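J.: With the hints as extra help, turn the sequences into a complete structure.
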Amino acid sequence: MASKSAQLSIRVDMAGHRFGPGKAALLRAIDKTGSISAAGRLMGMSYARAWKLTEAMNGSFRDPLVVTYAGGSQRGGAKLTEAGLQVLEQYESIVQCAERAVARQLRSLVQLGR
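Numbers given in this note's numbering equal positions in the sequence shown, counted from 1, plus 55.
Heads up, some of the hints might be wrong.
[Unchecked claim] Cross-link-like lysine to aspartate or glutamate pairs, in silico, EDC-like; alpha carbons within 16 Å at most: (1) K87 - E144; (2) K134 - E110; (3) K134 - D86; (4) K134 - D118.
To be clear, the hints were calculated from the coordinates, so they are not data collected in a lab.
Since we're looking at a predicted model, the values are computed, not measured.
T.: Shown next as C-alpha cells:
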C-alpha cells in the first residue's frame, strides 16, 4: 500500500496577476537550462506557451524576471535576472513557511482520506 501524503499548492494573487507553482517551475527550468525553449521542453510545454508565460511574468513585476540574449554561433539563451531570483526565492520561502505552519493539519486531513 502506498503511503498517504498531501502537498500544498500555493498560488499568490497579486494586483492583476498570479504567481504559483507552474510559473515557479518555469523559472527554475529556465535557470537550469539557460533557455526558454529548453525549459518548455523539460516541462512538456510548447515554446510558444513557455514564451507567453515568460512575457507575462516579465510584465507583471517592476523589473523583468528573465532576460534573453541573441544567438550568433553560440545560439541564443535566457537567464533569470536578480529580480527573477528574488521572486523565486520569496515564493519558495512562502511555500516552505505555509507547509510548516499546516503540517499537523495536513497529516490529520490525510488520515481522513482513502
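J.: Give me the numbers of the hints this structure contradicts, sorted from smallest to largest.
T.: As far as the earlier hints go, not one is violated by this structure.
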